[in-house]
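**Q** Sequence:
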Amino acid sequence: MSARQGMSRCDKEETVRKAFAELREMVNGCMQCGTCSAGCPNVHSMDISPRAMWRKVVSGQLEEVLASKTYALCSSCYTCTVRCPRGISVTEGMSALKRLSSACGTREQNRKTGFYRVFVDNIRRNGRVRETGLMTEYFMEMKDPLLPLQFAPLGMRMMVAGKIHPLAASHYKGKGKLALMFAKVAEMEKLP
Numbered sequence: 001m002s003a004r005q006g007m008s009r010c011d012k013e014e015t016v017r018k019a020f021a022e023l024r025e026m027v028n029g030c031m032q033c034g035t036c037s038a039g040c041p042n043v044h045s046m047d048i049s050p051r052a053m054w055r056k057v058v059s060g061q062l063e064e065v066l067a068s069k070t071y072a073l074c075s076s077c078y079t080c081t082v083r084c085p086r087g088i089s090v091t092e093g094m095s096a097l098k099r100l101s102s103a104c105g106t107r108e109q110n111r112k113t114g115f116y117r118v119f120v121d122n123i124r125r126n127g128r129v130r131e132t133g134l135m136t137e138y139f140m141e142m143k144d145p146l147l148p149l150q151f152a153p154l155g156m157r158m159m160v161a162g163k164i165h166p167l168a169a170s171h172y173k174g175k176g177k178l179a180l181m182f183a184k185v186a187e188m189e190k191l192p
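Quick note on the working numbering: the sequence shown kicks off at 1 and runs consecutively.
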């Protein structure tokens with residue numbers, strides 16, 4: 001490994017450590033009431049409830065937090081944020097965990113957030129979700145040759161039911177119209 005690669009890794013680790021410290025500070029006021037978990041429409045699919053997730057964040061358990069699938073299942077509905085009696089922006093915390101996961105870059109963590117990235121990019125480019133392109137791009141990003149085989153039976157059932165159209169036109173009336181909105185969000189979130 002070259003000195004530059006080692007430096008990049010060190011810089012990346014420092015960035016992750018700093019971002020996690022900022023997240024800990026943001027949720028430090030959590031009183032563990034469980035309101036975020038009680039209101040979450042996706043909690044039934046999560047391996048760690050949002051309440052337990054924030055306890056782990058405050059305790060500094062970065063590896064356990066990033067090993068979870070909880071933050072990847074957050075649909076950003078803001079129910080938790082609206083209901084939090086302490087006024088903690090729980091949804092913003094979940095988004096911060098998604099960004100942290102991407103910054104860490106392990107295969108499992110990228111798999112958790114990869115679909116989200118591809119989904120948003122698909123909408124940005126097409127003006128709406130284009131299902132067949134979405135899944136193709138997701139499979140390519142995951143670089144797992146067996147992954148498409150896992151989804152093939154579902155895809156076939158959806159085609160038979162008329163839910164997806166593999167030969168649909170590649171352009172939609174809204175194509176490109178969301179570019180300004182995405183640019184503004186990137187500016188607001190200071191994204192590259």
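Any given hint might turn out to be false.
What the hints assert, rightly or not - Cut-off 30 Å, straight-line C-alpha distance, at most; resulting in silico cross-link-like pairs (DSS-like, lysine-lysine):
| id | residue 1 | residue 2 |
| --- | --- | --- |
| 1 | Lys-56 | Lys-69 |
| 2 | Lys-98 | Lys-69 |
| 3 | Lys-56 | Lys-163 |
| 4 | Lys-177 | Lys-56 |
| 5 | Lys-98 | Lys-184 |
| 6 | Lys-184 | Lys-12 |
| 7 | Lys-12 | Lys-177 |
| 8 | Lys-163 | Lys-143 |
| 9 | Lys-69 | Lys-143 |
| 10 | Lys-177 | Lys-163 |
| 11 | Lys-56 | Lys-98 |
| 12 | Lys-56 | Lys-12 |
| 13 | Lys-12 | Lys-69 |
| 14 | Lys-18 | Lys-69 |
| 15 | Lys-177 | Lys-98 |
| 16 | Lys-12 | Lys-163 |
| 17 | Lys-184 | Lys-18 |
| 18 | Lys-98 | Lys-143 |
| 19 | Lys-18 | Lys-163 |
| 20 | Lys-56 | Lys-18 |
Unchecked claim - FRET-style restraints, in silico, Cβ to Cβ:
| id | residue 1 | residue 2 | range |
| --- | --- | --- | --- |
| 21 | Val-82 | Leu-180 | 26 to 32 Å |
| 22 | Ser-59 | Arg-157 | 16 to 22 Å |
| 23 | Glu-131 | Ala-179 | 33 to 39 Å |
| 24 | Glu-131 | Arg-55 | 24 to 30 Å |
| 25 | Arg-24 | Pro-148 | 25 to 31 Å |
| 26 | Val-58 | Arg-157 | 28 to 34 Å |
| 27 | Cys-33 | Ile-123 | 21 to 27 Å |
| 28 | Val-58 | Gly-162 | 46 to 52 Å |
| 29 | Cys-33 | Lys-143 | 39 to 45 Å |
| 30 | Ala-67 | Glu-141 | 18 to 24 Å |
| 31 | Arg-157 | Ile-123 | 38 to 44 Å |
Hint data in this document are derived by calculation from the structure and do not stem from the laboratory. Treat the numbers as computed from the prediction; the structure is a model and nothing was measured. Every residue gets a Cβ at the ideal spot worked out from N, C-alpha and C, and that includes glycine.
**Q** Now tell me if each hint is right for this structure.
**A** Cross-check of the supplied hints:
| no. | hint | in the structure |
| --- | --- | --- |
| 1 | Lys-56 x Lys-69 | holds (14 Å) |
| 2 | Lys-98 x Lys-69 | holds (10 Å) |
| 3 | Lys-56 x Lys-163 | violated (40 Å) |
| 4 | Lys-177 x Lys-56 | violated (41 Å) |
| 5 | Lys-98 x Lys-184 | holds (20 Å) |
| 6 | Lys-184 x Lys-12 | holds (26 Å) |
| 7 | Lys-12 x Lys-177 | violated (35 Å) |
| 8 | Lys-163 x Lys-143 | holds (26 Å) |
| 9 | Lys-69 x Lys-143 | holds (20 Å) |
| 10 | Lys-177 x Lys-163 | holds (25 Å) |
| 11 | Lys-56 x Lys-98 | holds (16 Å) |
| 12 | Lys-56 x Lys-12 | holds (22 Å) |
| 13 | Lys-12 x Lys-69 | holds (22 Å) |
| 14 | Lys-18 x Lys-69 | holds (22 Å) |
| 15 | Lys-177 x Lys-98 | holds (26 Å) |
| 16 | Lys-12 x Lys-163 | violated (42 Å) |
| 17 | Lys-184 x Lys-18 | holds (25 Å) |
| 18 | Lys-98 x Lys-143 | holds (20 Å) |
| 19 | Lys-18 x Lys-163 | violated (44 Å) |
| 20 | Lys-56 x Lys-18 | holds (16 Å) |
| 21 | Val-82 x Leu-180: 26 to 32 Å | holds (28 Å) |
| 22 | Ser-59 x Arg-157: 16 to 22 Å | violated (43 Å) |
| 23 | Glu-131 x Ala-179: 33 to 39 Å | violated (21 Å) |
| 24 | Glu-131 x Arg-55: 24 to 30 Å | violated (38 Å) |
| 25 | Arg-24 x Pro-148: 25 to 31 Å | violated (39 Å) |
| 26 | Val-58 x Arg-157: 28 to 34 Å | violated (43 Å) |
| 27 | Cys-33 x Ile-123: 21 to 27 Å | violated (35 Å) |
| 28 | Val-58 x Gly-162: 46 to 52 Å | holds (48 Å) |
| 29 | Cys-33 x Lys-143: 39 to 45 Å | holds (42 Å) |
| 30 | Ala-67 x Glu-141: 18 to 24 Å | holds (20 Å) |
| 31 | Arg-157 x Ile-123: 38 to 44 Å | violated (24 Å) |
The structure fails to meet hints 3, 4, 7, 16, 19, 22, 23, 24, 25, 26, 27 and 31 from the earlier list, while all remaining hints are met.
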